[in-house]
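S.K.: For reference, the chains in residue letters:
There are 6 protein chains.
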Amino acid sequence: MTQTRLNGIIRALEAGKPAFTCFSKVDKLTAQELTDAPYDGIVFEMEHNPYDVAALGDALQYMLSRKKIAESGSVAPSVTPIARIPANGGEMNQFQAKQVLDRGVYGVITPHVSTVEQAYNMVASARYAKPTGAALYEPKGIRGDGPATAARYWGLSQPEYYAKADVWPLAPHGELLVGMMCESPEAIENLDDILANVPGIGLVLIGEGDLSQALGYPRQYDHPEVVSAMNKIVEVCKKHNVVVGNPHTNAKNVARLIGEGYRFLMSAPTRSYGVVGQGRELAGY
Amino acid sequence: MTQTRLNGIIRALEAGKPAFTCFSKVDKLTAQELTDAPYDGIVFEMEHNPYDVAALGDALQYMLSRKKIAESGSVAPSVTPIARIPANGGEMNQFQAKQVLDRGVYGVITPHVSTVEQAYNMVASARYAKPTGAALYEPKGIRGDGPATAARYWGLSQPEYYAKADVWPLAPHGELLVGMMCESPEAIENLDDILANVPGIGLVLIGEGDLSQALGYPRQYDHPEVVSAMNKIVEVCKKHNVVVGNPHTNAKNVARLIGEGYRFLMSAPTRSYGVVGQGRELAGY
Amino acid sequence: MTQTRLNGIIRALEAGKPAFTCFSKVDKLTAQELTDAPYDGIVFEMEHNPYDVAALGDALQYMLSRKKIAESGSVAPSVTPIARIPANGGEMNQFQAKQVLDRGVYGVITPHVSTVEQAYNMVASARYAKPTGAALYEPKGIRGDGPATAARYWGLSQPEYYAKADVWPLAPHGELLVGMMCESPEAIENLDDILANVPGIGLVLIGEGDLSQALGYPRQYDHPEVVSAMNKIVEVCKKHNVVVGNPHTNAKNVARLIGEGYRFLMSAPTRSYGVVGQGRELAGY
Amino acid sequence: MTQTRLNGIIRALEAGKPAFTCFSKVDKLTAQELTDAPYDGIVFEMEHNPYDVAALGDALQYMLSRKKIAESGSVAPSVTPIARIPANGGEMNQFQAKQVLDRGVYGVITPHVSTVEQAYNMVASARYAKPTGAALYEPKGIRGDGPATAARYWGLSQPEYYAKADVWPLAPHGELLVGMMCESPEAIENLDDILANVPGIGLVLIGEGDLSQALGYPRQYDHPEVVSAMNKIVEVCKKHNVVVGNPHTNAKNVARLIGEGYRFLMSAPTRSYGVVGQGRELAGY
Amino acid sequence: MTQTRLNGIIRALEAGKPAFTCFSKVDKLTAQELTDAPYDGIVFEMEHNPYDVAALGDALQYMLSRKKIAESGSVAPSVTPIARIPANGGEMNQFQAKQVLDRGVYGVITPHVSTVEQAYNMVASARYAKPTGAALYEPKGIRGDGPATAARYWGLSQPEYYAKADVWPLAPHGELLVGMMCESPEAIENLDDILANVPGIGLVLIGEGDLSQALGYPRQYDHPEVVSAMNKIVEVCKKHNVVVGNPHTNAKNVARLIGEGYRFLMSAPTRSYGVVGQGRELAGY
Amino acid sequence: MTQTRLNGIIRALEAGKPAFTCFSKVDKLTAQELTDAPYDGIVFEMEHNPYDVAALGDALQYMLSRKKIAESGSVAPSVTPIARIPANGGEMNQFQAKQVLDRGVYGVITPHVSTVEQAYNMVASARYAKPTGAALYEPKGIRGDGPATAARYWGLSQPEYYAKADVWPLAPHGELLVGMMCESPEAIENLDDILANVPGIGLVLIGEGDLSQALGYPRQYDHPEVVSAMNKIVEVCKKHNVVVGNPHTNAKNVARLIGEGYRFLMSAPTRSYGVVGQGRELAGY
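Chains as they are written, first to last, in the numbering used here: chain H, 7 to 291; chain R, 7 to 291; chain A, 7 to 291; chain X, 7 to 291; chain S, 7 to 291; chain F, 7 to 291.
Calculated directly from the structure, the hints in this document are not laboratory data. Small disclaimer: the values here were computed from a predicted structure and weren't measured. Take the hints with a grain of salt, since some may be wrong.
Copies of one chain are not kept apart here, so a pair can be met inside one copy or by any two copies together.
DSBU-like cross-link-like pairs, simulated, lysine-lysine; straight-line CA separation at most 30 Å [stated by the list, open to error]: (1) Lys73 to Lys136; (2) Lys73 to Lys23; (3) Lys31 to Lys74; (4) Lys136 to Lys31; (5) Lys31 to Lys73; (6) Lys146 to Lys136; (7) Lys136 to Lys238.
All chains should be modelled from the sequences, with the hints used to inform the complete structure.
M.R.: If you want it as structure tokens, here you go:
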């Protein structure tokens, strides 16, 4: 069985470097294009886009590049796909994590996780059951067993998949990244408790949009109260040595964010149409 | 920003008139056809038809008529789409309202809402977060922030969308209609409490099918016990000045329903094949 | 093997009665709805709607009503589906007829057939090969052999399907209706020749839209020149005893059309929203 | 109304025989192929495959064989489709059972049912409401009323559908099979209580994959501890006279399983490519 | 009826300016994104991407921006979609132009048009029939009549659509742009003849890929022989005052191309991931 | 650039061994399953199944197995996909070969090729243009240039793809297999001429179904007249050293077919449900 680290996001983080990612629509063409992008991973955004698991399966398949795989001779993906599901932590949902993991993603992000109980359920829903008393028993896994598609997608046998399909860094060789959105005052208040009591959280991703709304400054990411709330999150994450992520990294804030200790940096690709403007100018418009 | 009332159902109700609507399958052709229908709005029925959010997005797109929009010069839809989601109130679901609102519908109806807690969750799931202490804070919003698609569909900028994406009539300029199905004896019993304690409910829609089953008279909408139960609902709604709706309006009962105070009247389109009969008769069949 | 006439359009025509049909989009919901309609058959319109053969297969499947089949105990469809393909006669296309027949339709209509050669190709493309010298050899079949799906859809074994999958009335027990659109002055001029020389044409359907355009009176179906051209077509069809069809039958013209000898009458279903108007009036709009 | 037993799985069980089934992907081609298979029923596996209700509707439609229905003259399906939904019992979900039943399946299996409360919710979500005090009132139905599609699929009128759409064997003429996955130590511990207190459970299906994981012997179905746990389940089911099912029946264990009292036996179809090997040998590879 | 010029590509050309366009996949997300791009028009590339007419219909629908239409109060699209079909000129195909025009595109480009006969067929297939002797009779239209969907998409009544659905500049108010790919030595040789004898060609688009292959210098667009062949095309187009287009406009060649007289300039959008590189550098990779 | 032979069918043939293949529906699940099958290649059957190029693209993507590619370190597919298109040779179609090749298949089979002219067009439509006078100029290529998707699918750069995308064995290193169906008396009569005059035909596949129909013995593959006709084809192919294929290889005829010189042997996978019968017997049915 391969000893290679499969999850490129985790690989970057283990190397002490920030992981670069972006949100992606659940779309074949976009997925294929992003396979060649310089990101460590991508997050299929299924919270505000349709939660369409069949489409996710197709998109994942379009991320296989015969050339890249053959040249590397490795089953590690060039860009590692994870997914954000729509159910809030408070819904105590379990099937959505199961369904996206069973398609083959290497991690799951849950929106609006605000309490220890919610965070526990989030991690549990990404883990297989273990016998009572087993090492790393908690949070007790409740992910139903049906690994055929995911194992095939990862390029592993089923026993190999079992060995790797646990949450990092709780399971040091685990390849699944489980992340919670921290995006409300309640969540911030409870974050220290959550990280102290729920092992297996690999990422705390700040939800700037929701947080800024809840603070009364919608989408004003530089407002002092928003920044102050974010700093609080970063501080708690550092205390517990959990990776903290920023969803709106750009040329202006990237240096600051890295300096402040963000290690999961999301930046949207940009599309430009430059020649058109140049052409119009030349044509005397 | 446009001051026009966008939601045509609310527009009718604000004008003191009943709103006329129908259920629609989540289907491109049907949606396009209904764009030219004389309804104030339509309800994409996703409780008994597949809850398929991607298909809803397509259907909404097919409701855009270039001609109607250009001629009106307004972003108000000619027929206003809302959606009924499948999760019962008792499931305390939140993601389904978020997913359909994020596609662009102007309202959500939830089946089997029977308690104050369920109704609170229903309204909360359609509202964005506000800062503690803000006006109209309750029910506390838990709809995740991701307005890009809906704002585009409504023809608004994101700040404009935020300003309008709240529940009517709680927010007087809100454009979202949140409705609960009242369709069980328990719900009737609790309705007074619900309407007294949960602001933001724009519509109580009677579920005649379920109610008549629960009373032991399946689909006998004229049975005295069924009628009596419905009258009770109407009465409570009037007491709280909440719009009450009837799902089976037809030529026989429309006058009575309007007289009794129903203000959300649903009537299915009918398809006829008249010439065939006429032709067969002429042809001597 | 069943001796029942399967094709309901042919059944009506053999009984000396006009067949009533309509155009249908290639759509699951529409197809299902039309299964219960009073038509003898429907024409999946794939000339101006997308020629989407996979969608046709789905639509056909949605035309199966378990109840109707069980109650009749017969494999004859309650409403018989045929298809209009997009390639003009002049394109000498063969694959489109094959693809729709292989999904299971009971007939094919080809647009803009204007010459003997085109009509010959149209009929040939709907027929299987026969050995030289066999009865009814001409027009020589060029439909590729692959009957599994169609035979299953018809509810027959493959030998049974072979026995029935020939063109009526050339093959008296044939269940396939092959129709040509007659919709240009050239086609009218050549129609006598076509019908004299090409056996196997079961239907001449007038294309009023195209014909009226070609005559300079777009969509003026009552213009004397258009009517006169149509009369010419009817007359030639009567001479050769070939069924002639009208695509726009309505309450006003149905008696006249039957009187003039049209035997394939197409009338669109109509959708009405009557209660809305009634309700608005009652509500004092 | 037909008195025929529609659900072939129940028919076998009522006859005192084991029912043979298999899991199926939610796929048109597979569904069509399985219509001709020798199974009593199939289980559309939507726990680990995408929970795609629209696709389920299509797959069901492809299970209609015109020939089989016409020849039998009965609306009873040749192979009876039921579905496994993804939400664990602990999620207290109700909409998933409703959505698959509303497409037309004849039963629902829920994963990870571990307590009386969960089992009660599972059965309730498959039943329509009844008036208080009615016979067989408990578990109190919460399936929303919208039978049009399912009734059509079953080939029944809506009143006929109502009469049959209840859970067997609680309702002796019920045609719905409700099954729980028993797949954790907790579930085994609680099983006696569950079966004693929740009427309406038609099937206890052992989840060998999950169970063996929870016991620490992943996929070692013959390990003494796994076998012992399974025996415990069988024993409790026998005590309560509830059908117990095995998901991995094969040539080696089938005699033993029947001997031990399993009455719902799932065995995957196998695909073989025998001639290729034979051919290669002949060709001197 | 609106007198506005609808086709933005033609609008630019009539104003004496080059039109800027790009190829687009037939994809909803891409189409929606391009609606806000600064192009005059886009070309749905269906030659090398799947010729999927249903998907084209969806993509077109996603190009409707409620905001843009309402703000302009005009039915003219902000970015004008046309399509390239797959059949080579030599196939004498007609249905593909009909099918894409019937979805609503404002023009069609045909690959590998090499002779007068092929060019005539290309133009004819985009035109409706006219009566013999009518003005602008040639090339004689063979596009079947079925304008409902396209007229709706354009935002016009059917008579309005008829009045505008002819080829520009042959019909001065025509809104359809018909273009031929000129991409082989034979086509170059015949181009003077083609343009002299076939009215209605609105665009000659050079196929640099095919042309360079045919000349033996695959994709070497700056090779003297390729450039020389292209110059020949430009020269002939200028002689006949027909717009000539270049498919690979970029920052380096745009000034030259405008100078040389190209008036249809295609430049692909580019996607960049700039912050990632910057971030990695900052992080000390 | 890799020197490996990519096309597994050609690899077998070059090694002097028969190639084993089967027909496949254009279906994701089937395609994935066949990736692990022991065939040298598969033929996506698009003649009698819908010619759906978008679905073909998806199916091809599902044939990528990360594990197989990584383990081999090679871009050669484990099972090589080619496609049969629907247009008969006599239709002189070119776009269908282009569209399937542009998705990434390694070969194309055309039905009903009966003359030199048809065969020439078939080969030409699979080849890119070359400069006049180039080696292997004939049949003159008319496949439009747009290799991006196919090159990516093959795992090659575009120049590498150009170098390999020619027809074998005409181009000794070509990776495209072009096959003609020989399935009518006319085709047999002309076969010698065809093979003598049209280079680039890699396969003559006998169409037993059509041929037996044309001879008057539908599906009687062992009838002396059918066998005799087939022998004639084999003989002519041997004379020209062209591979001849049989579409219905089975356990009974495989030895004979190999002995007679067939080198492209198609055998359908079979599905069995063996345990069910065994179980029923055990259960005393």
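S.K.: Determine for every hint whether it applies to the structure shown.
M.R.: Okay, the hints, checked on the actual structure:
1. Lys73 to Lys136: Close across copies (27 Å), not inside one copy (38 Å); limit 30 Å.
2. Lys73 to Lys23: Answer is both: 27 Å inside a copy and 28 Å across each meet the 30 Å cutoff.
3. Lys31 to Lys74: Both: 22 Å inside a chain and 24 Å across chains, each within 30 Å.
4. Lys136 to Lys31: Intra 34 Å, inter 27 Å, cutoff 30 Å: inter-copy only.
5. Lys31 to Lys73: For Lys31 and Lys73, both the intra-copy (24 Å) and inter-copy (23 Å) Cα distances are at most 30 Å.
6. Lys146 to Lys136: Answer is within; shortest intra-copy Cα gap is 7 Å, inter-copy 35 Å.
7. Lys136 to Lys238: So Lys136 and Lys238 pass the 30 Å test across copies only (20 Å; inside, 35 Å).
Violated hints: none; the structure is consistent with every hint.
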